[in-house]
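If you read the sequences in order, they're chains V and W. In this text, residue positions in the first sequence follow our numbering: the first is 111, and each later residue adds one. In this text, residue positions in the second sequence follow our numbering: the first is 26, and each later residue adds one.
Hints listed in this document are in silico derivations from the structure and should not be mistaken for laboratory results. Careful: at least some of the hints might be erroneous.
[Claimed, not checked] No more than 30 Å apart at the CA atoms, straight line, and that leaves these computed lysine-lysine pairs for DSSO-like:
1. V:Lys387 with W:Lys235
2. V:Lys239 with V:Lys387
3. W:Lys152 with V:Lys258
4. V:Lys494 with V:Lys444
5. V:Lys387 with W:Lys268
6. V:Lys159 with W:Lys105
7. V:Lys159 with W:Lys109
8. W:Lys235 with V:Lys444
9. V:Lys258 with V:Lys240
Because the structure is a prediction, the values reported are computed rather than measured.
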Amino acid sequence: MLDNLTARLARIVKTIRGEARLTEANVQEALREVRIALLEADVALPVVKHFIEQVRVAALGQEVIGSLTPGQALVGIVHRELARLMGEANAQLDLAVAPPAVILMAGLQGSGKTTTVGKLAVFLKAQKKKVLVVSCDVYRPAAIEQLKTVAAQAGVEFFSSTSDQNVSDIARQTLAYAKTRYCDVVIVDTAGRLSIDEPMMQEIAALHAQLQPAETLFVVDAMQGQDAVNVARVFSERLPLTGVVLTKLDGDARGGAALSVRHVTGKPIKFAGTGEKLAGLELFHPERMASRILGMGDILSLVEEAHKQVDVEQAQKLADKVRKGKGFDLEDFKQQLQQMNKMGGMASLMDKLPAQLAGQINPAQLQDGRQLARIEGIINSMTKKERAQPEIIKATRKRRIAAGAGVQVQEVNRLLKQFEQMQQMMKMMKGGNLQRMMRNMKGMLPGMR
Amino acid sequence: MVAASSWAARLKAGLARTRAVLGSDVGTLFGRRSIDASLFAELEAALLSADCGVEATSALLEDLRGRVKQQRIEDGVALKAALKQALTERLAPLERGLDTSAHKPCVIVVAGVNGSGKTTSIGKLAKWLQGRNLKVMLAAGDTFRAAAREQLAAWGERNGVAVIGQQGGDPGAVVFDAVGAATARGLDVLIADTAGRLPTQLHLMEEIRKVKRVIAKAMPGAPHETLLVLDGGTGQNAIAQVKAFDAALGLTGLILTKLDGSAKGGVILAIAAARPIPLLFIGVGEGIDDLQPFVARDFAEALVD
Chain V
111 MLDNLTARLA RIVKTIRGEA RLTEANVQEA LREVRIALLE ADVALPVVKH FIEQVRVAAL
171 GQEVIGSLTP GQALVGIVHR ELARLMGEAN AQLDLAVAPP AVILMAGLQG SGKTTTVGKL
231 AVFLKAQKKK VLVVSCDVYR PAAIEQLKTV AAQAGVEFFS STSDQNVSDI ARQTLAYAKT
291 RYCDVVIVDT AGRLSIDEPM MQEIAALHAQ LQPAETLFVV DAMQGQDAVN VARVFSERLP
351 LTGVVLTKLD GDARGGAALS VRHVTGKPIK FAGTGEKLAG LELFHPERMA SRILGMGDIL
411 SLVEEAHKQV DVEQAQKLAD KVRKGKGFDL EDFKQQLQQM NKMGGMASLM DKLPAQLAGQ
471 INPAQLQDGR QLARIEGIIN SMTKKERAQP EIIKATRKRR IAAGAGVQVQ EVNRLLKQFE
531 QMQQMMKMMK GGNLQRMMRN MKGMLPGMR
Chain W
26 MVAASSWAAR LKAGLARTRA VLGSDVGTLF GRRSIDASLF AELEAALLSA DCGVEATSAL
86 LEDLRGRVKQ QRIEDGVALK AALKQALTER LAPLERGLDT SAHKPCVIVV AGVNGSGKTT
146 SIGKLAKWLQ GRNLKVMLAA GDTFRAAARE QLAAWGERNG VAVIGQQGGD PGAVVFDAVG
206 AATARGLDVL IADTAGRLPT QLHLMEEIRK VKRVIAKAMP GAPHETLLVL DGGTGQNAIA
266 QVKAFDAALG LTGLILTKLD GSAKGGVILA IAAARPIPLL FIGVGEGIDD LQPFVARDFA
326 EALVD
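Only chain W is shown next, with the shape it has when bound in the complex (with noise of 0.2 Å):
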């Protein structure tokens, strides 16, 4: 297990650009300034381009006047430590570790749209449930998308890690394979790739409920977790893409991935207002190591330090 130290350093170096933008900008802002109405409307700037949305946005900054109203703050600096405070209570909900002890095997089902990070996210938590002494397999549920078994399958090379997989074919029969297949070797997790798909593709959303109904006719009670992927880049769509999936799929939880870029991941801010299904991990690098789970308070404190 990586230290506590060296894992907050590293959320802050993935989150370093999201810091540039909401932390420079806004840090400057802040100063020693007194709060006036043009304060706001950067920090609404300053919120909006962060991909926080419209709504989320004006609810954070009302509640923020409260405060200032409420405690009566006057400088800036207290003014960010008041923000800090209103973001962590906002995204403290979604805040949930992934605890896989209570099935053998844990079955995970990860889904997403096209190009979210789904096999790259499951080489990631593969090596950080390793690192946790238990025994992983990976099923190539993706049948569809030319060599997306080869991907996983050099993942799990990688990690030392078995996959099931076959060229083409039914995912829903990958999946049954690899259920018993985990089951027969005493493995403790099972994590299922799906093929990339947009929301709109109803017959896809239609095909992905199957996979999941084959898992549960495999081993009753599962799938443990259903995860949905969701790239740190995207605008407001993933709010509609977390409802859809979740009215599909019925989600446990949600991994947030690439804010090893420019990207700042502010939509989570929205998704916590408008579904909030908690996020276990975020991606804040390439390397296999750097898939981290998320901590309310560090994200909120990488948002605006």
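One chain only, chain V, in its complex shape (with noise of 0.2 Å):
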């Protein structure tokens, strides 16, 4: 639906070009466009409506400045409208409380809270805080196991709790627990809950009132639909919520949702969620999520997932040797494509790419993981010199590696007919071509041809 809107945003662009300023008449049909694909979106009726309003508002009687189209200068307006509703700048969290400090998760069921509380673990034990997680999950079969076997993945310490168990009783016991142990953050999991069961809303407002948490966190599925509206104004009717978390982000759902979210609570948009390693967990930018609803990508989430991931080190040494122009060898191809798996490889790459871009590159010949061990096989089956200088590598090398790696011969020469194209790559990005560079990049991954 990402495409569909930049598609339709573009064909706006096309009819009211030529005119000087904008008016009733000639963003009339561009809005009702706007509100279709706002709709298809997942953005919940009653907030489209607000916004086409906003927008018409802003719109109304302004210049259209220089060489921009009617067309293009309605697009600015609809994006930065559109960030501004999902809050303007990204909210951090908020500790600053005699510790510990307690985090609240609340949400629908299957809104991902439980992965969220580990990847919440994670983000703060990064930030040196000493971190307790407890579930008050006491319904859902195993879900306390669920939550010890994240705790244990993240590297915190979990409090046990069992099904048997008052809600009130563990969050008691774990706060005297916290307090013992001299813990910064407690990270509290609760069961998910309709919005309409008055007894569930009953009991997280009273665990709410017992905890006093310094953070209140409702946990929302990006793919959610209209009901959004309807469930956020319960839970923040019940519950002084402080901020959202939107998961499941790396799915292809436009995440309308964040919209409505935003606009029925108040609260800002705090992380995003994506994907179920426990690394997945960004900083909201309402700025890039606007870019991304309107379908001109996410290229600054991308360079700061590359530089989170990527060891800066080794970066900066294949920065040196790209801007020699030569010395790029399979040693270091090898090294890269390792990079490239650890920012979640190329699906989750390809999905922050601008519509346009991701477009030109056929989903299915994008290969998993496996597919980049095999290369990494070959490259390891060669000896230091063919990787420093692969053009040695003949008839009866390619045997050897082939074998070594357990490969065809065929394989061998598609990596390093690879290998060649990227390092033409490399010698364009010197010239710092990043456009064209995207687009080669089609025939230089593995499995795309």
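Two independent chains are provided; combine them into the complex using the hints.
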């Protein structure tokens, strides 16, 4: 649907070209297209109405500056208003209270609370906080067991609760324990609940009163539909929320729920969750989310992610080599593949590219980690000299490498060809032409021909 | 088996909120009012708010306008009946019962995105099958998520149903073992759980295709049913999910869950138009009996009553 919105807005640009001023008449049809696109992106109907009105007011009488077409000017306004509605800057967690600072999680069933607890724990641990997690989900079978496993993966302390316990007893014992252990942060997972389930809503309101959390985070599935607006309203009426976490953003849902929830609760969206790996938690950037919805891609997030996951020293070495325009060898190629894997593989990268760019890549050809592992195997079967000077690899060496890696000679050939193209790309990067580089990436990634 | 009247009541109760929106709003709309443009505009808003989607909503309203002209409908009450009829006709092709009797064991694979309610639905489905005097086994094919096996095991215990599973390891291997075990014990139905996955995670989509291939190896012709579990609260992305899972696995049916909340599940109308795959069951509550076969007329009626 991202492509849909982009395509629609592109069409708008065409329809209202060549007028000097945005008027009621020339934005009317364009706004109808924006409305449809937002509805298809699952933004709740009342929010869409409100938003369209805002854009109309902001747009009317606006002069079309310089070389912009009226369409482009309108797209600019839509983007700006979209970002504004989702909150202007990213809001950090506020844990400045007498420790332990409590974070309470709330949300519907299956919105991703427990996974988010694990991700938050990893996030806070990286800031040198001592984290304790506890589950107050005494209803769903094995929910406590799940959090225990997640805590072990995150490498943080887990406070044992059992499903025959009372929720308020668990809370009391956890707080007492956290104090004796001098924990900085306690993250409290709760059972998923329907907003119309009165006893369950009372339970979490009571839990909130008892815990006095520094942060109360509402977890929302990015795929949620129109109902997001109702659910968010009830939760924010019953609980003094301090922020929102948007999950499953690695899917292809446009995440219109982000707009709806932000509009109803008035609370900042603090994090965006992607993927099941515990490193998949990003600060939420309204600017970028607006760009994503408008199909402008999320290059900034991509850069940030690359920075976080990639070994800086290694990258520096690589950059030096690239700058020289030569010396990029198979060893570097291998390291790059490994770093790419760390960043969540190709699919996750593609998601952040602008729609027009991503559209050029056939998703069926995107290969999984196993393909990368094969390539790594082939490179591992080469001698150091071969890795540094691939041009010396001729028929006999190819046969040996193929046998060593357990692959066909053709695969070795293919890898060498890909590497050669990669080298060319590196030279191009010297020129800094990102657009052209991305277009050329198609032929260079494993499995893409 | 639950008596017909009581399940109809339960379905209505489960869809009460849907009715509250599409009912009371629309209900008051219908009244004795004459039919004009504003009535249609309000009807459109109600359908859109129920996640029916832009396309399906305008198609339905177009259909309704045609009926108004053709049948010379003049008041709200008759319009409501026409809307009900139009909805039923659109949903009826999705109606299909689950019949497991042709195979022994009948192997059912259950797939879906993360948090859609797969494991819970499997528990309810097992109970439903047991109510028909069928012997059921569960396979814990979600070897990825923390404690997924334990969750299924707990359900199995509650149902008195055997659960085959192992920690970690390959989902294909678990399911292969389970097919063997179910055949050896002469059971009627084997339900295989799988890990939640988003259609954008191509390697995971490849993995679940493999699970299906492995089942076919263990028992030629199996799996006999490949079901997708959809969260009733999901918006238009549900269509993309149905398309992607159908392309990867060849779906034979859907289960729509979590209709006991304030979500309306109207996206099924859009699915009926875009990729009509039978909707076997709807989940209308947290209780183990709250999985009901989908009946188009009842669903349509619950929507507009």
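The hints, checked one at a time:
A C-alpha spacing of about 22 Å is found between Lys387 (chain V) and Lys235 (chain W), which places the hinted pair at or below 30 Å, so the restraint holds. In summary, the hint linking Lys239 (chain V) to Lys387 (chain V) is supported, as the alpha carbons are separated by about 20 Å, within the 30 Å threshold. Restraint check: the Cα-Cα separation between Lys152 (chain W) and Lys258 (chain V) comes to about 29 Å, which is no more than 30 Å; the hinted pair holds. A hinted pair counts as satisfied when its Cα atoms are at most 30 Å apart, and Lys494 (chain V) with Lys444 (chain V) qualifies at roughly 13 Å.
Pair hint Lys387 (chain V) plus Lys268 (chain W) holds up; C-alpha atoms about 26 Å apart against a cutoff of 30 Å. In summary, the hint linking Lys159 (chain V) to Lys105 (chain W) is supported, as the alpha carbons are separated by about 26 Å, within the 30 Å threshold. A C-alpha spacing of about 27 Å is found between Lys159 (chain V) and Lys109 (chain W), which places the hinted pair at or below 30 Å, so the restraint holds. Pair hint Lys235 (chain W) plus Lys444 (chain V) holds up; C-alpha atoms about 28 Å apart against a cutoff of 30 Å.
For the suggested pair Lys258 (chain V) and Lys240 (chain V), the alpha carbons sit about 17 Å apart, so the restraint of at most 30 Å is met.
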